[in-house]
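J.: Whenever a hint applies, use it, and build me the whole structure from the sequences.
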Amino acid sequence: MAADTGLAVSAGRGGFDARRWGAWIVSVGIWFIPLLWIDVITYMTLTIAGLTMGALLFLTASGLTLIFGLMDVLNLAHGAFFVWGAYAGFSLLNYLNTLGWVEMASLGQSMGSLVLTLLTALVVGGLLGILLEKIIIQRTYGNHLKQILITMGAALVMTEIIKVFWGPNDEVILVPAAFKDSWDLVDIVVNKFRGVAIVVGVAVFAAIQLVLQRTRLGITVRAGVENREIVQVMGYNIERIFTGVFAAGAALAAMGGVMFAIFKEQIYPGMGDETLIFALIVVIIGGMGSVAGSFLGALMVGLAFNYVAFLVPKLALGVNIMIMAVILLIRPSGLMGRK
Amino acid sequence: MSEPTLSLKDVHTYIGQHHILQGVSLDVNAGRATVLVGRNGAGKSTTLRTIMGLYPVRSGSITLDGEAIQNRKPFHIARLGIGFVPEDHAVLTTLTVEENLRLAMFKESEDGWRRMESIFRLFPDLKRFLHSKAGVLSGGQKQMLAISLALVLDHRIVLIDEPSKGLAPVVVEHLGKSLNQIKDTTTVVLVEQNFYLASQVGQDYFILDDGRVAHHGLMEDLVNDHALKRKYLGIG
Chain D
1 MAADTGLAVS AGRGGFDARR WGAWIVSVGI WFIPLLWIDV ITYMTLTIAG LTMGALLFLT
61 ASGLTLIFGL MDVLNLAHGA FFVWGAYAGF SLLNYLNTLG WVEMASLGQS MGSLVLTLLT
121 ALVVGGLLGI LLEKIIIQRT YGNHLKQILI TMGAALVMTE IIKVFWGPND EVILVPAAFK
181 DSWDLVDIVV NKFRGVAIVV GVAVFAAIQL VLQRTRLGIT VRAGVENREI VQVMGYNIER
241 IFTGVFAAGA ALAAMGGVMF AIFKEQIYPG MGDETLIFAL IVVIIGGMGS VAGSFLGALM
301 VGLAFNYVAF LVPKLALGVN IMIMAVILLI RPSGLMGRK
Chain S
340 MSEPTLSLKD VHTYIGQHHI LQGVSLDVNA GRATVLVGRN GAGKSTTLRT IMGLYPVRSG
400 SITLDGEAIQ NRKPFHIARL GIGFVPEDHA VLTTLTVEEN LRLAMFKESE DGWRRMESIF
460 RLFPDLKRFL HSKAGVLSGG QKQMLAISLA LVLDHRIVLI DEPSKGLAPV VVEHLGKSLN
520 QIKDTTTVVL VEQNFYLASQ VGQDYFILDD GRVAHHGLME DLVNDHALKR KYLGIG
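Just so you know, the protein sequences line up as chains D and S, in that order. The numbering used here applies: residue 1 is where the first sequence begins, and numbers increase by one. The numbering used here applies: residue 340 is where the second sequence begins, and numbers increase by one.
These aren't lab readings, by the way, just hints derived from the structure by calculation. Wrong hints could be hidden among the right ones.
[As the list claims (entries may be wrong)] For the chain D half of the interface with chain S, some residues (derived, Cβ under 8 angstroms), not all of them:
hint: 1; residue: 167
hint: 2; residue: 169
hint: 3; residue: 172
hint: 4; residue: 217
hint: 5; residue: 219
hint: 6; residue: 222
hint: 7; residue: 223
hint: 8; residue: 226
hint: 9; residue: 227
hint: 10; residue: 229
hint: 11; residue: 230
hint: 12; residue: 233
hint: 13; residue: 236
[As the list claims (entries may be wrong)] Some chain S residues well away from chain D (every beta-carbon gap over 12 angstroms; in silico):
hint: 14; residue: 343
hint: 15; residue: 388
hint: 16; residue: 415
hint: 17; residue: 453
hint: 18; residue: 512
hint: 19; residue: 524
hint: 20; residue: 525
hint: 21; residue: 543
hint: 22; residue: 556
hint: 23; residue: 564
Every residue gets a Cβ at the ideal spot worked out from N, C-alpha and C, and that includes glycine.
T.: Right, dumping it as structure tokens:
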């Protein structure tokens, strides 16, 4: 009975579901309510900034939702993969700059250096993910407390290793020349890298959806999440599949790290901690295990942060926690999570 | 007498601290339908799950056509040619019927699709609901899908755990007919509480009691042995 109090008026299949609609009204409201107080030009500029932040957050949150939602692993080392990706990209960009491929680069060279940087982050994140899953995570399946403790420890170790190799101080990361300036679209100033970030975010979203929904690998992953035993007795090596999912999640976090670093033009060893909190909020809003939910959640968080930072700067950080709380109250499984 | 396809010798299995299988020995001959019967908790399902590698063997041996398979991983045992239908209509409810079957096919092949066609002849409902999520199927349809998942590949043996559990009598009747068709082409090991169904399908039987084989023989003999049935199965 307790669960049926309040807004619970779900009428079954095809019926009116107040909780679902309430959550969607909150989601859509975030996009348009700011127009009540902000002029259109500023609104568009803030919207593009919000979409950029959303796309970047999605890169990190998508990995977290795969690991957290699909594998049921509470991975607090996710932020460390993010930092490793950023530092790997930092070193590669410094090297490419000595070849003239970054600060003095043509459009083609800039694109090439960005693609190489993203691939490097993906490989570094993926390899670290495989190591962590094989050495540590595999021993903790089914035990959330162990997962929290051991991944927190792993995150600390990984961050300290960063300090050993790259030092504890903030560093400026180079931005490929072609992405430094801005477009002026009818008085709306759009930084070129923001455009790149949105394109990368959407492309990664489409790629993950394609793999999960349309390929045998994706079907196997979804099946393994629902019932490992059935998948095993069909002849699939579920341990290897889950190592792969963990590595993919870590690789995405690393790619998110280097994209965020280039966006901020700055890296530091503690940058993963802040992003992990945002990513957790995104995953909870979107619904654990739902990549589409994470995409939507990331956009909501990015937009709300930018609108509120403009309107009431002191509330900027808190607004996302408020959105998360409201969504959880209305729809505890998140926007697109399974009940 | 030819060598058995599947052979268990003095198998002991623990679940946690509980000593469930206490020296099970049994032989399954190729081309036969072997039924494991016994009271609840006798160790029937545990025997199947131990064969599949889902529970570790503490001691004893399991061989498939002479090759030791005890304590190998479940996916490895499946690839060696043992199909398994777990109890409780185990299907992947978030996938469509077609996705379930494609996944079970492991690697898509012409032979796999041919077998799929024969499955649709056996269970026409599955073709009708091919693009529906397996979660919307009825209990009987789910069980048909669960059995089909083990039939998509040309397994040497198929282990089926309590297929009639929770199904209406009319569905069990249909299931019995289907299992009889399956046993014509595949070696089957069936765990079944419903003695009527077990006797319809089974050719050989093993009675398990307290984690040991208490009796075994031909099913036609068990059907007529009312004292044995009363003693171990509680039916006369």
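J.: All hints, please: hold or fail.
T.: Hints, verified against the model:
1. 167: This hint is violated: residue 167 (chain D) lies away from chain S, its Cβ roughly 45 angstroms from the closest one there, beyond 8 angstroms.
2. 169: 48 angstroms, violated
3. 172: Interface hint status for residue 172 (chain D): violated (46 angstroms vs cutoff 8 angstroms).
4. 217: Hint on residue 217 (chain D): violated, closest Cβ of chain S at ~11 angstroms, above 8 angstroms.
5. 219: 5 angstroms, holds
6. 222: 6 angstroms, holds
7. 223: 5 angstroms, holds
8. 226: Holds, about 5 angstroms.
9. 227: Status holds, d = 6 angstroms.
10. 229: For residue 229 (chain D), the interface hint holds, since the closest Cβ of chain S sits about 6 angstroms away, which is under 8 angstroms.
11. 230: Holds, about 5 angstroms.
12. 233: It holds, given that the least Cβ distance between residue 233 (chain D) and chain S is near 4 angstroms, below 8 angstroms.
13. 236: Constraint on residue 236 (chain D) satisfied, holds at 6 angstroms.
14. 343: Its Cβ never comes within 12 angstroms of chain D, the nearest being 22 angstroms, so this holds.
15. 388: 9 angstroms, violated
16. 415: 8 angstroms, violated
17. 453: 19 angstroms, holds
18. 512: 26 angstroms, holds
19. 524: Fine: 20 angstroms to the nearest Cβ keeps residue 524 (chain S) off the interface.
20. 525: 16 angstroms, holds
21. 543: 23 angstroms, holds
22. 556: Non-interface label on residue 556 (chain S) holds, nearest chain D Cβ at 29 angstroms vs cutoff 12 angstroms.
23. 564: At roughly 34 angstroms from the nearest Cβ of chain D, residue 564 (chain S) sits farther out than 12 angstroms, so the non-interface label holds.
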